[in-house]
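With chain L fixed as given, assemble chain Z onto it according to the hints.
Read off the chains here:
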Amino acid sequence: MKLLTRTLIYFLLISIPTFVLGSFAFYFFLKYAMIQQVDESLKTDKQEIIDFVNNNKNDVSELYKAISCTYFLVPDSVYEPRKEVFSFISEYDSLDMDYKPFRQLKTSIQIKTDQYQLVMRESLVDSDSLVYSILIFAVVLLAMLTIGIALLNWFISKRIWNPFYQLLTIISTFKPGKSILTEIKSNNIQEFGSLNIAIGKMINRINTDFNRQKKFIDNIAHELQTPLAIANSQLELFMQDSSLNEKTANMIDELDKTLLKMKNMNKSLLLLSRIQNEQFNESKIVELDDIIKEYLNIHQDQIQMLNITINISSLKVISVYMNEALSNILIGNLLSNALKHNLPDGYVRITSTINTMTIENSGQELNMDTEELFSPYVSRSNNSDSLGMGLSIIKEICNYYNFNVEYSLKQNIHKIQITFN
Amino acid sequence: MDFRFHSMKVLVIEDEQLLLQNILSYLAKENYICDSADNFNSAFEKIAFNDYDCYVVDIMLGDYNGLTLIENLKKANKEGGVIIISAKNSLDDRLNGLNIGADDYLTKPFHLSELNARIKAILRRRQNKGFKNLVFNEILIDLDSQDTFVNDVKLELTTKEFQLLKYFVINKNRVIKKQSIVDHLWSDEYNFSSYDFIYTHLTNLRKKLSNSGCKDYIRTIYGLGYKFSESE
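The listed protein sequences derive, respectively, from chains L and Z. Residue 107 in numbering that gives the first Met the number 0 sits at position 108 of the first sequence, with consecutive numbering throughout. Residue 186 in numbering that gives the first Met the number 0 sits at position 187 of the second sequence, with consecutive numbering throughout.
Bound-form chain L, shown alone (with noise of 0.2 Å):
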């Protein structure tokens, strides 16, 4: 949910039940307001009655001739001067054809000698239209009131929170070793500022670190080549001596093949490092499926050796633009790793639509992370060792053309898809 919705939605919730809460209260005020007068204007007009019985002692239809508002007399048996009943009423409006609603007051008179039960009333259909009116007027702009200060508070926070969204665009697109800091506008809110330094800073420190492990990695991998070169050729040497015995051979045979797997561990790390560093630039259009074809006619000895059974009836065209060199790097270790972590007598499938390359295989089931598996530096089981460096290459390359490409393992099957947009 976003920071602006939320305030929204926590300002409606509040702003909402007031809103209606006081509505109710204000009606009711009102309400209540208005019968007060209505009632002060009976008593009044009681109190003129009174006053006018007392003063000229006449009989009822001088009364009815004198005083005009609203009220008749019943003649009543008791006589109680102090009681006062209010009531709501409902009479019938001949000329409207409709109940029109009345505050009534019944109290005690006495006119002479006769008691009588004064029933007074007041139309209440002129107040509570007026109740209507200001209610509406007042609801209407409590309405406004309340989407004015919510659209205030919307813009000003995305006023606010702009500095916040420019700097997680740069966080989110942040490439390590490419991207360098862009100074954002803070508005002039010092804790943005801040925040726009410190990731400035932290920004530089990761290019720094990145950078310096890259040369570092470079350096070592070619630095690593002459050592190499030179244990290699020595060991050669060695294998021409006259004096060579089983025991030694076997030795010398040891060495050569912990030599072997440096020189590919080296000549992998230095092909990582050449593609981080963005050597493969000219590209073009390359069919994958020959390179597919290519690679297993090369290798059609070992596969025979292996007694792998391949199956490629299911290629198509595979016409992906990219490095040449890449591409078959990338087929030649998809492939190797197909093979070589394959089972005697097992199979490979290659498969492929217009954008998927699958490559499946049979093989053995390994207990390992499959998202550790295309990392070049986890330590692993002697027989997979160039596993994770061909797939880190894989990925690399794949990472490098923003290729797709995902690794599944199920019942001892080997399943490598690639998908190119």
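What the hints contain is simulated information worked out from the structure, not anything from laboratory work. For each residue, glycine too, the CB sits at the ideal point set by N, CA and C. Be aware that a few hints might be false.
Computed beta-carbon distance windows for the label pairs [to be verified]:
| # | chain 1 | residue 1 | chain 2 | residue 2 | range |
| --- | --- | --- | --- | --- | --- |
| 1 | L | PRO343 | Z | ILE99 | 46 to 52 Å |
| 2 | L | PHE215 | Z | LYS28 | 36 to 42 Å |
| 3 | L | ILE284 | Z | ASN76 | 40 to 46 Å |
For chain Z alone, kept in the frame of chain L given last:
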């Protein structure tokens, strides 16, 4: 003894002493005159005052670039072939080297047997026609037509068998590592732990050679590799 390369001159330019010594030791068995230089200046001098048939040049000579040496060679119209040995393995470096006139490019670390084969290929190019054959006793390999003869009878070999025999004869009397054969015959991208597939080709080659009356010169040196020689 192969006298055809007699008095051929090879200059090895390499600033890493141990590697230089190893190369020279390996080449010592061949019948050419080997000279060496372990720094840019001495290499520059040797190139200026002598003519060689083959130059093996490390292009990273401390602070100097070996490519300059090759450029000088070409400017001075020296005829010898040039093999670059370099720790750099990018296509650009390779193309760069070949563009300024190098004949071959070998990436460190390399097999000495491979370097030997490359040097011989260069020297052979400088031979007169008719000498472009490899001979080992009753075996004759015509490199132009890619035909093999045993006692003047033509032998039908597959491409791999031919390459294998050629590599053996070039590196005769030496122990050749299995990995070196794999790198030479297939590609150096290949690093399977088992080399049994070489064995198939080797058995076939052996069978064809012995069927045509050739002696068995291929010897297995424990688990290490093979040696092509007359004596044990």
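Comparing the hints with the structure gives:
no.	hint	verdict
1	PRO343/L / ILE99/Z: 46 to 52 Å	49 Å, holds
2	PHE215/L / LYS28/Z: 36 to 42 Å	41 Å, holds
3	ILE284/L / ASN76/Z: 40 to 46 Å	42 Å, holds
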